[in-house]
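Peer 1: Here are the chains, one letter per residue:
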Amino acid sequence: MRGASAKSPLPGIGSPVLEYVSRPARVRTAAHCRVRPFRKDAWVSDNQQGDRPASASAAGTPDRRGFLAGAATLGMGGGLALAYGTCGVLAARYLYPSAPPRSRWQFVVEVARMAPGASLNYRSPSGERIAIARGASSVEPGAAPDSAEGLGFIALSSTCPHLGCQVHWEAQKTRFFCPCHNGAFDPLGAPTAGPPADAGQSLPRHPLRVENGLLFLRARLEGVARLEGPPSDATERSG
Amino acid sequence: MTTPVAWLRERLPISGDDLRSLTNEPVPNHLKHWWFCLGGTPLYLFGVQIVTGILLAFYYESSPASAYASVRYISEEAAFGWFIRSVHKWAATLMVAAVVLHQMRVFFTGSYRKPREINWLIGMCLLLCTLVLGFTGYSLVYEQLSYWGATVGANIADSVPFVGGFAKTMLLAGDTYNERTLPRFYVLHAAVLPATTIGLIAIHIAIIRIQGVTELRFENEPKNKPAFFNLFPDHVLTELTIALVLMIVLSVLACVLPATMGPRADPLTTPEVIKPEWFFYVAFRWLKLFSGTTAVLSMGFVVFVMFVWPFIDARIRKSKPTSELSVWIGVLGALAILVLTVWEAAVEH
Ligand code: HEM
Ligand code: FES
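These protein sequence lines map, in sequence, to chains A and B. Residue numbers for the first sequence follow the working numbering, beginning at 1 and rising by one. Residue numbers for the second sequence follow the working numbering, beginning at 1 and rising by one.
Hints listed in this document are in silico derivations from the structure and should not be mistaken for laboratory results. One or more hints might be untrue.
In the EDC-like style, the derived pairs of lysine to aspartate or glutamate whose C-alpha atoms are separated by at most 20 Å in a straight line are [said to hold, decoys possible]:
no., chain 1, residue 1, chain 2, residue 2
1, B, 318, B, 117
2, B, 288, B, 277
3, B, 288, A, 149
4, B, 288, B, 348
5, A, 173, A, 186
6, A, 173, B, 272
Stretch by stretch, here's where chain B covers chain A in the computed footprint (C-beta under 8 Å, at least three residues) [unchecked claim]:
no., stretch
7, 94-107
8, 154-166
9, 174-187
10, 217-224
Selected chain A positions facing chain B (Cβ under 10 Å, derived; list incomplete) [stated by the list, open to error]:
no., residue
11, 125
12, 127
13, 128
14, 198
Where a beta carbon is used, it is the ideal one built from N, C-alpha and C, also for glycine.
With the rest of the complex left out, here is chain B:
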């Protein structure tokens, strides 16, 4: 008579000791501060998105004739459909916020510096994936703002020189929004982008494990205190606490402010006030300030600078080792984003 455990052991000879030493990556002490755990937050929220997304996919239909009705079915008839949809929506919002905060903490602690430039680049790709997931998800409801957001977004792609026309046609499956557009957004949102994101997160975390998290010491920390603690179980418990808090926050938000539905898409009438999701307010304001190609090219330039920032920063610090310029550029950038976002939020047009 073999016990189930012994039965398994015989077939999967995994050593408990080895597993323990494998997961016991030493983690620098500063990860006890919550703002250094902001990387785990989008990771957890991404998990929430996958679970709720799969549930939504059971009822969602991606044809323009029936999409809106299927979302209405989920929100009003399917049991707890409103809850699952609302959690999906709120977790998306929080995920964007968490990714941005995580990136800001990486920026202001200088954790993108050598040897971690590659992970900054991977992180930028994750940021773009997250934003495009938000954009495509918003389009699926097929309400007025979904439709006009998608139209405007595709035309922004169009004003990129050389490749823009091709990109727009590929995105819309035609030169304007048509019957084959929505299924395309759906496949991007529910298959292509999540798969890409999972792959990027895997690389992101693999690199973190190879390089270790950047060590920071606070001035009031005693010198002889151990500088590291264990990933398992100590740090995992911190992350679990965050996960629990997030689940409570998500449930409360979903119940108090459930996801609503605007009027169904009407390709003949652009609503008087159109707004994208809040995380695109910056770009939307920018588009009102400058004409098409200028706005698009300057935005592309800003994204490019963000990508290569670790290398720009290295240059700055090489020529002026004590310079605080990098921090000030970051502060200015963050302020500019904040101001444009608030401006767009405050006015109708």
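Chain A with its partners taken away, still in its complex shape:
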């Protein structure tokens, strides 16, 4: 290959090419660049004909004029910056979501119908999958014995705390598994492997409440999971 120098670690395109000439920044004048395809003097546009109004002779000494001009420029520049700055802030505010997503307490199950050790899958109105389980004892030390936590209830979101993929339950390994970066969680949502374990991130829990023997959960009302699309068997035909 041409240009290979004996020392070059990359034949042909290595850096020690012979005679590297770093051209200093050439200061080019307009004439040098010849960026002047238009010859203004060669033509006169219709609306340039006739006399221009003579510029009004300004009053005052050059010093004072200079100062006034400077102040005016500053004032105008500042005004423009302020005006457009305000527009910029309005635009940013416009792009930022106006309200947090709506959520509500939702009925799940009668406490009596879920014995310790049982679990169920709950679909919230937003379409989210929530794993609700009841442990043998309180899941939080010091919780009131008749509270949801005291009764051993726990509601785990299926959204991985690492980067938001959906975990799924692997029965044979009794763990929640996240396929994105091989994260794993025990049945109570504590991280056991992958990036979530390194960073100590548990599966997020949904707030629970027990009232009159009924279990309630707080979850979102809206989400894309609810949106209907065409049946996905449409995909089989493409390719």
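Put chain B with the ligands on the given structure of chain A with help from the hints.
Peer 2: Then chain B with the ligands, alone, in the frame of chain A:
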């Protein structure tokens, strides 16, 4: 009776001589080697993206309920829709590759050195624009990998300290993927980023014209040979040849390996194997190797070093003028990127 040419001349007095001298920027001889024309390649591919992108926009719908169906319409029902979509997809892939190769040639020829540091910085911004264009474009199809790629990408932004939460909310129009997310990606992909890229390319090329392309001489070149040739028509013809070859390559790729569609996005099930576009394999592998913030901050640091590289290199060469350290750092960096990419490509998880 005036001829049309004379009619035009009267109104647009452009001098042919001046135009010729304006375009006849002398170009150093080494630009006859194809790898020095790698800057023109992404430029041409970017043009292809604009034309095919505008055509796709005639049918694409950016609401999550109908996006997937509209892409299916383009691929299966609109006449030659599959061809336009496939060319757009392949030109995107080749553009990323061309930008990376162009950057490598700039790196290994030391062409970022004084006085060309500013153009290196502009070039880095172009690299980021190209990558983000790839990311947002991938999300628009609303297939499984689009959805999960977007979710993971936004959460990566989230783990940046201080500004991350704000950036993620701005990107997703909420704290999770929602009905208003996809239109946002679409506006970024089809308006904001292309406009930014056009502006950056204009500055990039203006600076090249002010500074001239770095001159390199090969050892086996005779000393008395003229060192420059004309941009017009000689170099333009080289670029046109490349453009023609690229058009053939794109058409063949589009016909042999047309763009496909995976299953529609399902926010309830992350597929067992998720992969981003190949040019994000490096970052994806990195994310599996380190935990959230560590991975994100170290990646940010690498990008920062790439940005300020001309200044680091200047330091190295000031203290040790004959040192080859810069080249070796480049070789190591390129190898590391290659290894991480191949590793991610080779394994499922
Ligand atoms: C959309 C992406 C880009 C386009 C369209 C583009 C276009 C060009 C063109 C046409 C040239 C003239 C020389 C040549 O063809 O090799 C050039 C030179 C240059 N580019 Fe880029 N470029 C892009 C991205 C980048 C990137 C990512 C970098 C590095 C971070 C970069 C840094 C430079 C530098 C420093 C020069 C001057 C090289 C010299 O003087 O030899 N560019 N670019
Ligand atoms: S998103 Fe679950 S491990 Fe990364």
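Peer 1: Now tell me if each hint is right for this structure.
Peer 2: We went through each hint and held it up to the structure:
no., hint, result
1, B/318 - B/117, "holds, 16 Å"
2, B/288 - B/277, "holds, 16 Å"
3, B/288 - A/149, "violated, 34 Å"
4, B/288 - B/348, "holds, 12 Å"
5, A/173 - A/186, "holds, 9 Å"
6, A/173 - B/272, "holds, 16 Å"
7, 94-107, "holds (count 5)"
8, 154-166, "holds (count 7)"
9, 174-187, "holds (count 5)"
10, 217-224, "holds (count 3)"
11, 125, "violated, 13 Å"
12, 127, "holds, 6 Å"
13, 128, "holds, 8 Å"
14, 198, "holds, 4 Å"
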